[in-house]
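Engineer: So the protein lines, in turn, are chains A and B. First residue of the first sequence: 1, per this note's numbering; consecutive thereafter. First residue of the second sequence: 116, per this note's numbering; consecutive thereafter.
Rather than coming from a laboratory, the hints here were simulated on the basis of the structure. Every residue, glycine too, gets a C-beta built ideally from N, C-alpha and C. Among the hints, erroneous ones may be present.
[Said to hold, decoys possible] The following label-pair restraints were derived from C-beta to C-beta distances:
1. Pro122(B) to Ile100(A): 24 to 30 Å
2. Gln24(A) to Ser154(B): 19 to 25 Å
3. Arg184(B) to Gln14(A): 49 to 55 Å
4. Leu73(A) to Glu130(B): 43 to 49 Å
5. Thr101(A) to Ser187(B): 20 to 26 Å
6. Arg221(B) to Ser59(A): 23 to 29 Å
7. Glu86(A) to Tyr142(B): 26 to 32 Å
8. Leu73(A) to Ser133(B): 42 to 48 Å
9. Gln14(A) to Glu181(B): 45 to 51 Å
10. Gly40(A) to Ile225(B): 17 to 23 Å
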Amino acid sequence: SAVISQKPSRDICQRGTSLTIQCQVDSQVTMMFWYRQQPGQSLTLIATANQGSEATYESGFVIDKFPISRPNLTFSTLTVSNMSPEDSSIYLCSVPSKLITDTQYFGPGTRLTVL
Amino acid sequence: AQSVTQPDIHITVSEGASLELRCNYSYGATPYLFWYVQSPGQGLQLLLKYFSGDTLVQGIKGFEAEFKRSQSSFNLRKPSVHWSDAAEYFCAVGGNEKLTFGTGTRLTIIP
Chain A
1 SAVISQKPSR DICQRGTSLT IQCQVDSQVT MMFWYRQQPG QSLTLIATAN QGSEATYESG
61 FVIDKFPISR PNLTFSTLTV SNMSPEDSSI YLCSVPSKLI TDTQYFGPGT RLTVL
Chain B
116 AQSVTQPDIH ITVSEGASLE LRCNYSYGAT PYLFWYVQSP GQGLQLLLKY FSGDTLVQGI
176 KGFEAEFKRS QSSFNLRKPS VHWSDAAEYF CAVGGNEKLT FGTGTRLTII P
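Next comes chain A alone, as it looks inside the complex (with noise of 0.2 Å):
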């Protein structure tokens, strides 16, 4: 399974500020994802990042709201803009597996408390 990296692991934020996450993963891949985990919820995708174009979000996600980047094949950012209270959550990155066809594997999340 491709190993996959997250920074900041957790962070507090002020409303108001933004705040980028990383992800890193160490072997190249064309698709990478980005979800969102509100307490005591499930993951909903927030976007899907190809390298080369555009982030293609989900309905309820927009740009300005979480502008994606995808400079390369093994790292990606996702940035959380003008937090409130109700941003907190895990975010969490993941990779499609490129052994086991159709499955995507996660990296450890980011906790993310807005307060």
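Since the structure of chain A is already known, use the hints to place chain B on it.
Structural biologist: Positioned in the frame of chain A, the structure of chain B alone reads:
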């Protein structure tokens, strides 16, 4: 649209007892089904998956799941749980393009 239902929010079992976590799905075609486990403070780890073929699939950590098309179910089982199995378990449907997760079942193990 694809969807997943995990009807049990929280389950408590004794160590050494058997376990079954329920999962029902809605999907327009032959589903790809997954079970993931999330331990406290950890990311998601893939336990097992079903794509096609044998409807009883074996996973890691002694878990298995059975796909029942007639019931649109993919229940997770383990014959004897260990204290280290305490975690949140997520059922998911989909594939490379998109995964849809259930709301999760929190498993508590008591001595």
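Engineer: Now, for every hint given, state plainly whether the structure supports it.
Structural biologist: Outcome of the hint check:
At about 28 Å, the beta-carbon gap between Pro122(B) and Ile100(A) stays in the expected band of 24 to 30 Å. For Gln24(A) and Ser154(B), the hinted distance range of 19 to 25 Å is satisfied, since their beta carbons lie about 22 Å from each other. For the pair Arg184(B) and Gln14(A), the supplied restraint of 49 to 55 Å holds, since their beta-carbon distance comes to about 50 Å. Between Leu73(A) and Glu130(B) the beta carbon distance is about 44 Å. The supplied range of 43 to 49 Å therefore holds.
For Thr101(A) and Ser187(B), the Cβ-Cβ distance of about 22 Å falls inside the hinted range of 20 to 26 Å, so the restraint holds. For Arg221(B) and Ser59(A), the hinted distance range of 23 to 29 Å is satisfied, since their beta carbons lie about 27 Å from each other. Glu86(A) and Tyr142(B) have their C-beta atoms about 30 Å apart, which keeps the hinted 26 to 32 Å range intact. Taking 42 to 48 Å as the suggested C-beta distance range, the pair Leu73(A) and Ser133(B) conforms, at roughly 44 Å.
Distance hint check for Gln14(A) and Glu181(B): the Cβ-Cβ separation is about 48 Å, which falls inside the suggested range of 45 to 51 Å. Range check, Gly40(A) to Ile225(B): Cβ separation about 21 Å, and the 17 to 23 Å hint holds.
Checked against the numbered hints given earlier, the structure satisfies every one of them.
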